[in-house]
Structure formats: C-alpha cells, structure tokens
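Trainee: Okay, here's what each chain looks like letter by letter:
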Amino acid sequence: MWSIRNVTAGGLSTTIREEQAVAGCRRRRETAWDGVAWRDAVANHPDLLKAEKARSRRTLLGTLCAHTPVEIFHAFDIVPVRLWGAGADPGGADPLLQSFICPPVRQIMAMGLAGRYDFLDGLVHAYSCDAACGLFNIWRRNLHPKFAFQLSLPYMDTPEALAYAQVEFRRLIAALETLTDRAYEPERLRAAIGLYREARALLRRAYAHKRQDGGPSYADLYRLSLALQVFPVETVLPWLTAFDAAADGPAVAGDAGTTRLMISGSLCADEALFTEIAALGGNIVLDDTCIGYRTLLGEAAPEGDPLTALARHHLARPPCSARADFPARRAYFREQIEAFRVEAVVFIHQKFCDPHLADHPFLKTVLEERGIPSLQVELEGEGLTGQIRTRLEGFFEMIGKNRP
Amino acid sequence: MGEPMDAQKTTKRLKANTALREIIAEFYTDGHRAKAEGRPVGWIPPMNGLIELFYAMDIHPIFPENWAPVCAAIGTNRQNFAACAGHGYADDLCGYFRNNVGYALDGIDAPDQPLGGLPKPDFLISFGAGCIPTMKTFQVLCDHFDCPVIRADLPQVAMEDIGEHHLRYGVAQIKRLIAFLEDLTGRRLDLDRLSQAVAWTDEACRLWDEIMALRAAVPAPFSAAEIGIMFVMVTRHGTPIAVDFLRDVLAEVKERVARGVGVVPDERLRLFWDNIPLWYNMKLFNYFEKWNAVVVAETYTSAWTLRMDPAKPLESIAYKSLVSYPLVSCVSLEKRLELIRKAIREYRIDGAILHSNRSCKPISMGQLDIQRMLNDELGVPAVLFDGDHMDGDKFAFAPFQTRIDAFIEMLLERRASAHAPNP
Ligand code: SF4
Ligand code: SF4
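Heads up: the protein sequence lines correspond to chains A and B, in order. Residues in the first sequence are numbered from 1 upward in steps of one, following this note's numbering. Residues in the second sequence are numbered from 1 upward in steps of one, following this note's numbering.
If you are wondering where the hints come from, they were derived from the structure by calculation, not from laboratory data. Do not rely on the hints blindly, as some may be mistaken.
[Unchecked claim] 25 Å max Cα-Cα, derived SDA-like pairs, lysine to any residue:
#: 1; chain 1: B; residue 1: Lys175; chain 2: A; residue 2: Lys146
#: 2; chain 1: B; residue 1: Lys394; chain 2: B; residue 2: Ile227
#: 3; chain 1: A; residue 1: Lys351; chain 2: B; residue 2: Asp393
#: 4; chain 1: A; residue 1: Lys364; chain 2: B; residue 2: His87
#: 5; chain 1: A; residue 1: Lys351; chain 2: B; residue 2: Ala85
#: 6; chain 1: A; residue 1: Lys364; chain 2: B; residue 2: Ile227
#: 7; chain 1: B; residue 1: Lys342; chain 2: B; residue 2: Ser126
#: 8; chain 1: A; residue 1: Lys146; chain 2: A; residue 2: Asp121
#: 9; chain 1: B; residue 1: Lys342; chain 2: B; residue 2: Asn375
#: 10; chain 1: A; residue 1: Lys146; chain 2: A; residue 2: Arg57
#: 11; chain 1: A; residue 1: Lys351; chain 2: B; residue 2: Met230
#: 12; chain 1: A; residue 1: Lys351; chain 2: B; residue 2: Leu354
#: 13; chain 1: B; residue 1: Lys335; chain 2: B; residue 2: Leu105
#: 14; chain 1: B; residue 1: Lys394; chain 2: A; residue 2: Gly91
#: 15; chain 1: A; residue 1: Lys351; chain 2: B; residue 2: Ala82
#: 16; chain 1: B; residue 1: Lys15; chain 2: B; residue 2: Arg259
#: 17; chain 1: B; residue 1: Lys312; chain 2: A; residue 2: Ala163
#: 18; chain 1: A; residue 1: Lys364; chain 2: B; residue 2: Leu105
#: 19; chain 1: B; residue 1: Lys175; chain 2: B; residue 2: Ala85
#: 20; chain 1: A; residue 1: Lys146; chain 2: B; residue 2: Arg259
#: 21; chain 1: B; residue 1: Lys120; chain 2: A; residue 2: Thr365
#: 22; chain 1: A; residue 1: Lys50; chain 2: A; residue 2: Ser99
#: 23; chain 1: B; residue 1: Lys120; chain 2: A; residue 2: Pro327
#: 24; chain 1: B; residue 1: Lys120; chain 2: B; residue 2: Arg78
#: 25; chain 1: B; residue 1: Lys175; chain 2: A; residue 2: Ala161
#: 26; chain 1: B; residue 1: Lys335; chain 2: A; residue 2: Pro319
#: 27; chain 1: A; residue 1: Lys351; chain 2: B; residue 2: Met373
#: 28; chain 1: A; residue 1: Lys364; chain 2: B; residue 2: Ser126
#: 29; chain 1: B; residue 1: Lys175; chain 2: B; residue 2: Ile162
#: 30; chain 1: B; residue 1: Lys283; chain 2: B; residue 2: Ala110
#: 31; chain 1: A; residue 1: Lys351; chain 2: A; residue 2: Ala161
#: 32; chain 1: A; residue 1: Lys146; chain 2: B; residue 2: Val157
#: 33; chain 1: A; residue 1: Lys364; chain 2: B; residue 2: Asp92
[To be verified] The following residues of chain B were derived to be distant from chain A, with all beta-carbon distances above 10 Å:
#: 34; residue: Tyr89
#: 35; residue: Lys136
#: 36; residue: Val140
#: 37; residue: Asp183
#: 38; residue: Ala258
#: 39; residue: Glu267
#: 40; residue: Asp309
Beta carbons: idealized from backbone N, C-alpha and C, even for Gly.
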C-alpha cells in the first residue's frame with residue numbers, strides 16, 4: 001500500500017556516493033548559533049532555532065519521543081527538534097487540555113498555543129504513551145502544522161516486528177519525500193547513521209567517566225544529551241569532541257557530591273533540581289529518563305541496508321516505561337545500577353504520568369532487593385518547589401545517617 | 001460517592017434486564033465451572049479479537065476491565081483502591097487499574113466477594129496495545145500470578161491510518177498466540193470453530209447497530225441507563241449467547257418504538273453522553289428525567305460499530321483488535337469527531353454532556369475539541385463536568401448539579417424560543 005520511490009545509485013559507485021554523502025552531511029555551514037558557546041546554545045535553543053529558520057528556511061520538525069528515528073530526518077536534511085515543555089506555564093494549555101494531563105504535555109501545548117514553536121514545520125510522534133498521543137492529535141487539529149506524522153513502532157524483537165518496522169519507516173520516508181520534494185537516498189541515511197553513531201559513542205564516553213569517581217558534572221551530560229536532540233548532529237559533534245578531549249581534565253567541572261545517585265523518570269528537565277541534589281551531597285552518575293542515557297544505547301550497524309540496520313537498532317533499544325514490560329525494565333535497572341555503582345535513586349516523576357507511576361512500586365522493589373534507598377518526588381509543572389526541597393533534604397539526611 | 005438523586009426512579013427499564021442479570025451471573029459461574037473442570041481460564045483486556053479465539057478453543061475469558069464496574073456497582077471498589085494504594089500505587093492512576101490491581105493482589109483471596117469473585121488465571125498475556133493503564137495492569141498481573149505468560153505487541157494507529165502491514169503484523173501476533181494456546185491446552189485450533197465465533201460476533205455487531213439505530217426514534221425507546229446490555233458485547237462476543245440476547249433486545253425495542261413508548265412520558269430534550277458512565281452512580285442518567293430529558297446516544301457504545309468476515313477469521317480478529325481502542329480514544333480524534341457529528345444528526349440531539357473523566361486520559365483528551373466542534377460547527381450546546389468513572393470520591397454532586405441545571409434550563413429556553421410563533 002505504501003510505496004517508496006526506487007532510487008538507484010546511477011553511474012557512481014556506492015562507496016563514492018557514500019563518501020560524498022558523509023562529506024555533505026558534515027559540511028560546515030553558517031548557522032544562527034555560530035559563535036555561541038554550547039551551554040548557552042542549549043539553554044537558548046528555541047530562540048536560536050527560530051533564528052535559524054528565519055535565516056536558512058531549513059525544515060524543522062518537532063518530535064515527542066526518543067524513539068523517533070532521527071537518522072531518517074537527517075537523511076532529508078531536516079532538523080528533528082525534541083519538545084519537552086521547557087518550563088512553560090502548563091495553564092496556557094487550559095483551552096485544549098484538562099488539568100489532569102501530565103505537565104510536560106500541557107507545557108508543550110501551552111508553548112505551541114503561545115506561538116513559541118512557530119518555527120516548526122510539523123510534528124512527528126513515535127507512539128509512546130496516551131498523553132503524548134492525545135497531544136499529537138490535538139496539536140494537529142488546532143495548530144494545523146504543514147506536516148504531521150505518527151509512527152507506531154513495534155517493541156518486540158521478532159522477525160515479523162523487523163519487517164513491520166521497516167514498512168513503518170518506509171511510510172515515514174514516503175511522507176518526507178513529499179514534504180521535501182527530494183528522493184530518499186540510502187547513502188545519505190547510512191551517512192546519518194554514521195554521524196549519530198559517532199555522536200552517541202562520544203556522549204556514552206562522557207557518561208562512562210561517571211563510572212569512576214570524578215568525571216564531568218551531570219548538568220553538562222544532561223545539556224549535551226539535550227543538544228543532540230535539538231540541534232543538527234553535525235553541530236553537536238564538535239562540541240562533543242571538545243568535551244571529550246577535556247573530560248577528565250581540570251577544565252571540566254565535576255560534581256562534589258559523594259552519594260552515587262541515579263535519577264529516573266520521564267522528563268527530568270529541570271536544572272535547578274540537579275543543582276539542589278548536588279548541593280545536598282548527591283553525585284548524579286546516571287539517569288534513566290527519556291532524554292538521557294537510554295537514548296545513547298545500542299547502535300545501528302554501519303554496513304548493509306541502512307533501513308534494516310535502523311529497524312534492528314530500534315527493536316533492540318533499551319526498555320522505557322511506556323512500552324516495555326517489567327522483566328525488561330528489571331533487567332535493565334539491575335544492569336545499569338551495577339555498571340555505575342549506584343547507591344541511591346531519586347524518582348523524578350511528572351504528576352499524572354501513568355507509565356512511570358505504574359512502574360514505580362515495582363522498580364522500588366527491585367531496588368529494595370539490593371538495599372538501595374530511593375525517593376519519589378512529583379513535579380507539577382513548577383520545577384523545584386519548597387516541598388520538593390524539603391523531601392530531598394530529608395532523604396539525604398536519612399542516607400547520611402545510614403552510612404556505615 | 002455522589003449525593004443521592006432526588007429525581008424519580010424511572011419505571012421504563014427494558015424487560016431484557018432480567019435476562020441480563022442471569023447472563024452476568026452465569027458468565028462468572030461458568031468461569032468457576034471452567035476452573036473446576038480443568039478448562040483454562042485466561043484474563044484478557046476487553047475490546048479485542050482474542051475473545052473469539054478463546055471461545056473457539058474452550059478457554060474461559062475473564063475481563064478485569066469488566067470486573068471493575070461490577071465492583072463499583074457493589075461498592076467493593078473502595079477496598080480494592082485501598083489495597084492498591086497499600087502496594088504503593090498512585091491515586092492518580094485510572095480507577096480500573098487501581099481496582100483491578102488491588103483486587104488481584106489482595107481482594108481475590110478474601111471471602112464473600114461479589115458474584116463469587118474471579119477465578120485465577122491459568123495464563124496471561126502481557127500485551128502492548130490499548131491504553132497505558134491496561135497495559136500496566138497486565139504487567140502487574142504477570143508479575144504477581146505464577147502462571148505462563150505470553151508477550152504480545154500490536155500497532156497503535158489511528159483508524160484512518162491502518163494499512164495492510166498493520167493488519168499483517170496483527171495476524172502474525174495472533175498466530176504466535178495460537179501456537180502458545182495450542183501448546184498450553186494440548187489441542188489444535190479448529191479454524192471452522194473460529195470462523196463460527198467470528199460469525200457470531202459479526203451478527204452481534206449487526207444487531208447492536210440495529211438496536212442503537214432505533215434510539216433515533218422519538219420518543220427514545222431506552223436511555224443510557226440501559227448501558228448494561230453492553231455486557232454481552234464485552235464478554236460474550238464469539239458465542240450465540242450475545243446473539244440470542246440481542247435478538248430479544250431488538251424485538252423488545254422494536255415493539256416499544258412501534259407503540260411509541262419512551263423513557264419519559266413527554267420527551268422534551270434529547271441528550272448525548274461522552275465518556276464512560278459513573279459506574280458507582282448509574283442513577284445519574286435518571287437525573288435528566290425531571291426535565292423530560294433523555295440521554296439517547298453515547299460515544300462509548302459505538303466501540304462495536306465494526307464488521308467481521310467469517311471467511312477471514314484471523315484478519316477479522318486482528319482488525320477488531322486494531323480498531324476497537326482507537327475508535328473510542330484520542331488515538332483517532334478525527335474519527336471520533338466524525339462519529340459524534342453523525343450521532344448528533346441521526347439522533348436529533350439537543351445538547352451534549354461531556355464527562356471529563358479524571359481516571360481516563362485517553363478518552364478525556366480531545367473533549368475540549370469535541371465541545372468546540374459541537375458548539376461552533378453544529379450549534380449544539382455542550383457542557384463538560386468533572387468526574388471519574390470508578391472513584392466516587394473524585395466526583396462532587398453539587399457542582400455537577402449546578403452546572404447541569406443551568407445547562408438544561410438553557411436548552412429548554414432555546415427550545416422554547418425555537419418553537420415560539422413568529423411575532
Ligand atoms: S511519559 Fe509521562 S510525562 Fe511523558 S508524556 Fe507520557 S505521561 Fe507525560
Ligand atoms: S478507563 Fe481509560 S485509562 Fe482506564 S483502562 Fe480504560 S481506556 Fe485505559
């Protein structure tokens with residue numbers, strides 16, 4: 001039913017075309033964030049992306065889930081921009097969403113309604129939770145984006161799932177061909193896979209420093225993860241390379257805290273929380289969130305048909321609360337906690353977030369089995385409140401007392 | 001719980017309710033009988049094509065989501081909520097989840113349960129379709145009960161986007177499930193029996209549509225208070241029980257329409273209801289009767305507006321599994337709006353009551369769009385009230401009353417001015 005235009009390699013050999021594609025993708029071009037320090041660029045990314053849109057007319061598409069195949073967008077020279085609400089007032093969404101919908105979804109909608117995302121050409125959703133699905137449909141209906149696409153990816157690793165995922169990707173590709181009026185080129189996808197592999201490997205390395213004592217500050221890891229989700233990969237690569245070169249050196253500030261901590265939840269996007277945790281003696285060495293470490297694991301194979309490689313990569317992705325089952329989450333938790341020598345966990349949950357709230361008692365048990373203390377805080381769209389601060393203080397006090 | 005109603009109790013209930021009570025009791029008795037006879041019992045989510053498969057393989061299905069309204073009606077929902085909270089689950093999760101998890105983890109072993117309680121599962125499906133709370137309910141069950149589990153996956157796509165590959169993937173999943181069930185029962189699936197089960201479901205859906213269409217009659221032959229007849233659509237698809245019962249309902253409703261018998265003597269307003277009823281307070285539907293207003297159509301009852309093809313049983317059950325949830329939730333917002341537009345016209349609706357259901361995000365999301373569409377596009381007033389389909393503590397009667405009273409008065413005024421002779 002869906003067709004993908006048949007693109008042949010023409011007179012050039014695949015290798016040459018590929019090299020050209022890679023070179024094309026990496027090409028330095030002028031952007032609105034030239035000369036902006038990377039931390040500032042991340043903090044101001046909506047404004048910079050808006051300026052870039054005005055400057056270059058580049059296609060920018062909003063994405064709602066970490067499982068969106070960003071490589072495919074890159075192959076069409078589209079910038080995928082992850083949306084997460086960025087601290088907006090959720091009340092702005094009142095005309096369209098009830099108050100019992102999770103804050104990030106209300107915040108994204110509020111920003112959309114306020115025109116803060118007007119620079120986007122459309123919205124893409126890879127089916128995750130009910131709230132995100134509703135947001136996608138309500139956004140589409142009310143903001144009339146030029147492009148709106150929902151992918152429904154499988155999450156079981158079976159041969160049928162592999163075949164199915166590839167058709168879903170082809171469906172997306174066909175839609176992007178129409179949007180951009182350019183043909184799909186496997187070489188460009190392979191090149192994009194290569195660039196993201198490189199970027200994710202560098203960022204994993206940055207996280208790996210946290211396995212030891214020391215390493216960079218978590219706030220920086222968080223900002224870099226975010227950078228990779230809101231800026232073109234070729235922009236982020238030099239930042240990552242420079243960060244990697246300095247990672248263990250004196251130029252990189254680490255966290256002073258002594259309690260090795262993991263944060264877990266959907267969207268923990270409030271830097272004030274990280275600062276507070278660090279001030280109380282926590283050293284965030286790992287996250288289990290939708291915009292952090294999980295997005296860096298697994299790799300699409302660089303060789304073979306790129307679409308198959310990408311589909312395989314998606315089937316093997318680490319389990320998230322919205323789509324995975326308990327056994328998968330249990331195994332993942334145990335594995336990471338061991339690898340990063342996690343001593344305590346802070347669950348940072350968004351109020352009304354069904355996937356994470358439903359997983360919480362179960363994951364708590366997994367931690368209790370290993371004697372790892374945990375705390376749950378719930379965000380209501382206001383970031384770090386006095387109440388959350390008090391709870392964090394109590395938690396660290398308790399840990400301190402229980403230390404041998 | 002909400003306040004008691006001061007409206008008169010309706011005396012116009014369908015006679016079919018007597019038969020329905022027996023069907024409900026028999027369904028649960030049969031579950032215990034199955035257990036005693038060694039027929040497997042499988043717990044499954046509702047509104048998918050697995051029920052036909054179960055009946056074709058002599059497996060007794062249990063639907064936790066159908067059990068929850070039973071608990072709400074009887075009042076054991078509160079103790080189940082408390083049990084669920086005791087296990088650390090948040091109060092903001094869907095009432096079905098809280099009831100069913102609380103019941104499965106604690107309540108199931110308590111004595112004196114309604115309808116004899118639920119027989120424990122002999123196997124479970126950890127599936128990836130439908131809403132998050134249902135998916136998570138089954139994950140909790142799989143973790144809790146010591147029984148074989150099969151993991152399954154299903155695409156979540158808007159109805160209008162369903163393509164051949166979605167169906168193909170659905171069929172592949174169903175084939176895996178069949179292999180699992182054959183292994184479990186030691187018996188092979190008889191495809192002819194499956195076709196027969198699919199044919200019964202198709203006939204039940206056809207009858208359902210015919211019954212619902214009769215509600216377009218003025219006066220309406222029955223109201224939303226009779227929603228309980230849906231029980232057979234959830235639990236007895238794939239069997240002649242649903243078909244026989246619905247035939248009787250159809251005959252009774254036809255006869256009422258022919259005699260011009262309505263729910264209220266002098267029907268003045270026809271209302272539409274969006275979202276799940278308040279299962280612990282079904283009398284709420286009678287509240288409108290004091291103005292001679294009747295709820296004649298709902299979004300919830302359209303989940304079975306689908307047809308199946310007995311010649312293609314596997315594709316049919318895959319299709320049913322793919323469309324049932326999107327049809328009533330925000331997965332297919334545009335389809336849902338289309339469905340409501342159609343209902344408003346066909347049932348000659350004067351006003352719509354939208355239950356903003358704190359428990360159910362997927363059905364509640366998009367209601368503000370529905371409200372605007374009704375007001376702006378169709379000129380049909382719509383009012384939204386805050387409630388919860390399972391938890392009476394999250395529904396306050398007084399604000400409901402204030403809001404609904406003003407709404408109905410407004411509808412009556414509109415009606416009066418529309419019917420007033422020109423000066
Ligand atoms: S995962 Fe949770 S926080 Fe994220 S969109 Fe879904 S419900 Fe909201
Ligand atoms: S009521 Fe809504 S949230 Fe609850 S189980 Fe049903 S569809 Fe899911």
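Trainee: Each hint should be assessed against the structure and marked as holding or not.
Mentor: Okay, the hints, checked on the actual structure:
1. B:Lys175 to A:Lys146: 39 Å, violated
2. B:Lys394 to B:Ile227: 22 Å, holds
3. A:Lys351 to B:Asp393: Judged against 25 Å, a Cα distance of about 19 Å means the pair holds.
4. A:Lys364 to B:His87: At roughly 11 Å apart (the allowed maximum being 25 Å), His87 of chain B and Lys364 of chain A satisfy the hint.
5. A:Lys351 to B:Ala85: 16 Å, holds
6. A:Lys364 to B:Ile227: With Cα atoms ~40 Å apart, Lys364 of chain A and Ile227 of chain B exceed 25 Å; violated.
7. B:Lys342 to B:Ser126: Judged against 25 Å, a Cα distance of about 36 Å means the pair is violated.
8. A:Lys146 to A:Asp121: Cα-Cα ~6 Å, so holds.
9. B:Lys342 to B:Asn375: 15 Å, holds
10. A:Lys146 to A:Arg57: 14 Å, holds
11. A:Lys351 to B:Met230: 33 Å, violated
12. A:Lys351 to B:Leu354: 24 Å, holds
13. B:Lys335 to B:Leu105: Violated - the C-alpha atoms of Leu105 of chain B and Lys335 of chain B are around 37 Å apart, more than 25 Å.
14. B:Lys394 to A:Gly91: 21 Å, holds
15. A:Lys351 to B:Ala82: Roughly 20 Å between the alpha carbons, so the hint for Lys351 of chain A and Ala82 of chain B holds.
16. B:Lys15 to B:Arg259: Holds, because 15 Å separates the two Cα atoms, which is no more than 25 Å.
17. B:Lys312 to A:Ala163: Distance of about 22 Å is within 25 Å: holds.
18. A:Lys364 to B:Leu105: Given pair Lys364 of chain A, Leu105 of chain B holds - Cα atoms ~17 Å apart, limit 25 Å.
19. B:Lys175 to B:Ala85: Measuring from Cα to Cα gives roughly 38 Å; hence the hint is violated.
20. A:Lys146 to B:Arg259: At roughly 54 Å apart (the allowed maximum being 25 Å), Arg259 of chain B and Lys146 of chain A break the hint.
21. B:Lys120 to A:Thr365: Within the cut-off at roughly 24 Å; holds.
22. A:Lys50 to A:Ser99: At roughly 29 Å apart (the allowed maximum being 25 Å), Ser99 of chain A and Lys50 of chain A break the hint.
23. B:Lys120 to A:Pro327: 21 Å, holds
24. B:Lys120 to B:Arg78: 21 Å, holds
25. B:Lys175 to A:Ala161: Satisfied, since the Cα-Cα distance of roughly 13 Å is no more than 25 Å.
26. B:Lys335 to A:Pro319: 31 Å, violated
27. A:Lys351 to B:Met373: Measuring from Cα to Cα gives roughly 29 Å; hence the hint is violated.
28. A:Lys364 to B:Ser126: Between Lys364 of chain A and Ser126 of chain B the Cα gap is close to 21 Å, so the pair holds against 25 Å.
29. B:Lys175 to B:Ile162: 19 Å, holds
30. B:Lys283 to B:Ala110: 29 Å, violated
31. A:Lys351 to A:Ala161: Distance ~33 Å between Lys351 of chain A and Ala161 of chain A Cα, so the pair is violated.
32. A:Lys146 to B:Val157: Status holds; Cα separation ~20 Å.
33. A:Lys364 to B:Asp92: Given pair Lys364 of chain A, Asp92 of chain B holds - Cα atoms ~18 Å apart, limit 25 Å.
34. Tyr89: Given a closest Cβ separation of 6 Å, the condition is violated.
35. Lys136: 4 Å, violated
36. Val140: Given a closest Cβ separation of 7 Å, the condition is violated.
37. Asp183: 17 Å, holds
38. Ala258: 42 Å, holds
39. Glu267: 32 Å, holds
40. Asp309: 19 Å, holds
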